[in-house]
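> If you want the building blocks of each chain, they are given just below.
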Amino acid sequence: MAHDILYALQAVATWQNLLIMAAGIWGGVIIGAIPGMTGTMAVTLALPFTFYMEPVPSILLLVALYKGSTYGGSVSAILIKTPGTASAACTALDGYPLARQGKAGKALNMALYSSVIGDFISNLSLIFLAAPLAILALRVGPPEYFMLMLFALTTVAGVSGNSLLLGLISATFGLLLATAGEDLYGSFRFAFTDDMQAGLSVAPVLIGLFALPELLKLIVFRAAHKNEAAKLGDQKVSRSEFIGSVKSILRGSVIGAVLGAIPGIGPSAAAFFSYGEAQRTSKNGDNFGKGELEGIAASESANNGACGATMIPLLALGVPGDVITGVMLGAFMIQGLTPGPLLFQTNIHEVYMLFIGMLFSSVLLFFAGKVIMRGFSHVARVPQSLLAPVVLLLCLFGIYSIASSMFDVAILLIMGVTGFIMFLLNIPAAPFLIAFIIGPMIEENLRRALAISRGDPSVLISSPITMIFAALIILVVGLTVRREFLKSRNRKA
Amino acid sequence: MHTSFLRSPWFCGLLIAAFFAFVIFALIPVYVPRPAFIPGFAPPPDMWPRTVSIIGCALGLLLFVLALLGRAVESEALETDHAPKSVLITRFIGAMVVFIAYVLLLPYVGFLIASMALTGAMILLTGEKNYRYWAIGLTLLGPIVLQLVFHSALGTQFPVGILTKQFGF
Numbered sequence: 000m001a002h003d004i005l006y007a008l009q010a011v012a013t014w015q016n017l018l019i020m021a022a023g024i025w026g027g028v029i030i031g032a033i034p035g036m037t038g039t040m041a042v043t044l045a046l047p048f049t050f051y052m053e054p055v056p057s058i059l060l061l062v063a064l065y066k067g068s069t070y071g072g073s074v075s076a077i078l079i080k081t082p083g084t085a086s087a088a089c090t091a092l093d094g095y096p097l098a099r100q101g102k103a104g105k106a107l108n109m110a111l112y113s114s115v116i117g118d119f120i121s122n123l124s125l126i127f128l129a130a131p132l133a134i135l136a137l138r139v140g141p142p143e144y145f146m147l148m149l150f151a152l153t154t155v156a157g158v159s160g161n162s163l164l165l166g167l168i169s170a171t172f173g174l175l176l177a178t179a180g181e182d183l184y185g186s187f188r189f190a191f192t193d194d195m196q197a198g199l200s201v202a203p204v205l206i207g208l209f210a211l212p213e214l215l216k217l218i219v220f221r222a223a224h225k226n227e228a229a230k231l232g233d234q235k236v237s238r239s240e241f242i243g244s245v246k247s248i249l250r251g252s253v254i255g256a257v258l259g260a261i262p263g264i265g266p267s268a269a270a271f272f273s274y275g276e277a278q279r280t281s282k283n284g285d286n287f288g289k290g291e292l293e294g295i296a297a298s299e300s301a302n303n304g305a306c307g308a309t310m311i312p313l314l315a316l317g318v319p320g321d322v323i324t325g326v327m328l329g330a331f332m333i334q335g336l337t338p339g340p341l342l343f344q345t346n347i348h349e350v351y352m353l354f355i356g357m358l359f360s361s362v363l364l365f366f367a368g369k370v371i372m373r374g375f376s377h378v379a380r381v382p383q384s385l386l387a388p389v390v391l392l393l394c395l396f397g398i399y400s401i402a403s404s405m406f407d408v409a410i411l412l413i414m415g416v417t418g419f420i421m422f423l424l425n426i427p428a429a430p431f432l433i434a435f436i437i438g439p440m441i442e443e444n445l446r447r448a449l450a451i452s453r454g455d456p457s458v459l460i461s462s463p464i465t466m467i468f469a470a471l472i473i474l475v476v477g478l479t480v481r482r483e484f485l486k487s488r489n490r491k492a
Numbered sequence: 000m001h002t003s004f005l006r007s008p009w010f011c012g013l014l015i016a017a018f019f020a021f022v023i024f025a026l027i028p029v030y031v032p033r034p035a036f037i038p039g040f041a042p043p044p045d046m047w048p049r050t051v052s053i054i055g056c057a058l059g060l061l062l063f064v065l066a067l068l069g070r071a072v073e074s075e076a077l078e079t080d081h082a083p084k085s086v087l088i089t090r091f092i093g094a095m096v097v098f099i100a101y102v103l104l105l106p107y108v109g110f111l112i113a114s115m116a117l118t119g120a121m122i123l124l125t126g127e128k129n130y131r132y133w134a135i136g137l138t139l140l141g142p143i144v145l146q147l148v149f150h151s152a153l154g155t156q157f158p159v160g161i162l163t164k165q166f167g168f
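Protein chains in written order, with numbering that gives the first Met the number 0: chain A, 0 to 492; chain B, 0 to 168.
What the hints contain is simulated information worked out from the structure, not anything from laboratory work.
A few of these clues could be false.
[What the hints assert, rightly or not] Between beta-carbon pairs, the in silico distance windows are:
| id | chain 1 | residue 1 | chain 2 | residue 2 | range |
| --- | --- | --- | --- | --- | --- |
| 1 | A | Arg482 | B | Ala57 | 17 to 25 Å |
| 2 | B | Phe166 | A | Phe366 | 40 to 48 Å |
| 3 | B | Leu162 | A | Gln196 | 28 to 36 Å |
| 4 | B | Arg33 | A | Met405 | 26 to 34 Å |
| 5 | A | Leu474 | B | Phe10 | 47 to 55 Å |
| 6 | B | Trp133 | A | Gly335 | 52 to 60 Å |
| 7 | A | Gly374 | B | Ile135 | 37 to 45 Å |
| 8 | A | Trp14 | B | Ala152 | 21 to 29 Å |
| 9 | A | Arg380 | B | Ile143 | 18 to 26 Å |
| 10 | A | Phe366 | B | Ala152 | 20 to 28 Å |
| 11 | B | Ser151 | A | Phe366 | 55 to 63 Å |
[As the list claims (entries may be wrong)] For lysine to aspartate or glutamate, the following DMTMM-like pairs were computed, each having C-alpha atoms within a straight-line distance of at most 25 Å:
| id | chain 1 | residue 1 | chain 2 | residue 2 |
| --- | --- | --- | --- | --- |
| 12 | A | Lys486 | A | Asp285 |
| 13 | A | Lys289 | B | Asp45 |
| 14 | A | Lys289 | B | Glu73 |
Glycine included, every Cβ here is placed at the ideal spot set by N, Cα and C.
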């Protein structure tokens, strides 16, 4: 085995391969930072170029693009409250307030450190735990998915702001909106127009809800300090700040690695899950959503932690966990490699080369992030009255380019107005978004579980995994209700 | 807009309950069709939206009741430039008019021109007066640069206008 690893190390550590990975990481970070442009887009666009490359460099290029774009999503989330990817939504909750306080560099640095650590741990889990995690993934059926997603939904409590009730109402709106479009059995729900038969895409809803209300607030209220350019201020993450976030980074990385290994879950749910856990357990829990570095650490370590792990079901079982790994499966096939258990017997050299290349890409992500951050952090110095309309412009072009759809552009504007009205009514936007993203997974798996059990709801607590999650849900709900009760009593006092 | 009536928890609760009741009794029966055949014991398509809406309606009513009992969290005060309420409403209506005009004008003048107009209008609506040259530059060049970037990188074909297609945009 040592011989195989040394051979792989020698084969990967060439300047050509490092250049390809660096290009992938840089390209991914830039694409991820542009609202509306996603990692899926980056990987799909790069696919034709891989036809002319060797198998391992071609896969490494795609993996580098995926990792870079996942980190890149945090850049726009922090600087302009516009998550470049859905998995960076929680990053915006704390990153943007920090940027407005003149700590954009600090927030970007924390996002980078936690992304790199999450990514590295995820790669290690891919190398050493691929087999057990793949077996765990195989044990996860619709009831387990449902309970897992329901538990992820408890994150809502952590992002509800001052009122849990308003947070729950917001989540209910998100769950309802997510039902629009074609369902599991081909019924078109709430299809008021032909465009709505396909449902609402995540990108226009996400960006509309987060980015546009800032512009409308600026236009309507014109609060004097809102228009000031934020000072760059303190850029470095201090040793104590980093140590204070280590627990959340490590927990987020593990959450990302485990959830990433389960097909269909992906980085967004992992980020929500990790953010919720960090908020629940941190001594600074009350600061989450107001500019807490630990919140960024939890979210970013989990979403990048899921990246490497999504390769586990692909490599070990031949099952793509999401759209991006689906595209990568195509790239493997084009290169004459068939992912699955046999790959470890027939192409072990390529597998080791891939593992080592992925470890290299974590290091490259750190350097690419450091360089890009310097340029991007100056965005925080642009006055809001110029920045906000430019963000709108960027959103319009980005959203239109995803599906060449004016319907998506209209949804973007409508969601912007909805987000503003929610702000006026004191309804937090984050629970809406979490529910909108997780909602379809909850419904689909609930209906599948009930169909399998012939309508018997006891299937939802029939296995050890579902029982554990049911117990965790009860525990979290109980603790949340207790906390709300105490908060309400303190308010009265 | 920042009066206690529209932003009061009891009104908000009532509005939310009414919305979800409307979904349950008016929208779901019409816009969530049940297929003639549902395989096995699979729950019908309206099961989940109905469940969610019932929960939403109940939460709205709970907010209403808590507000009446004085136990709901009051809305936070809005930070404004101390303009009168009528001015705030006018600004909001102005932004809505610009959004609607953008969607309506786009088929006639194309994506590029409509986006330029939207950017310019938005900068004007923010009340920006100090950075005139930057504002003009961003309004005119911003959409052109973005169109070039997206067209060359992704091959996106942005809609051309009925009135402007002879000029190629």
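> Are the hints correct? Go through all of them and say.
Verification of the supplied hints:
no.	hint	verdict
1	Arg482(A) to Ala57(B): 17 to 25 Å	holds, 22 Å
2	Phe166(B) to Phe366(A): 40 to 48 Å	holds, 45 Å
3	Leu162(B) to Gln196(A): 28 to 36 Å	holds, 31 Å
4	Arg33(B) to Met405(A): 26 to 34 Å	holds, 31 Å
5	Leu474(A) to Phe10(B): 47 to 55 Å	violated, 35 Å
6	Trp133(B) to Gly335(A): 52 to 60 Å	holds, 54 Å
7	Gly374(A) to Ile135(B): 37 to 45 Å	violated, 24 Å
8	Trp14(A) to Ala152(B): 21 to 29 Å	holds, 26 Å
9	Arg380(A) to Ile143(B): 18 to 26 Å	holds, 24 Å
10	Phe366(A) to Ala152(B): 20 to 28 Å	holds, 24 Å
11	Ser151(B) to Phe366(A): 55 to 63 Å	violated, 27 Å
12	Lys486(A) to Asp285(A)	holds, 11 Å
13	Lys289(A) to Asp45(B)	violated, 38 Å
14	Lys289(A) to Glu73(B)	holds, 19 Å
Of the hints listed earlier, those the structure fails to meet are numbers 5, 7, 11 and 13, in rising order.
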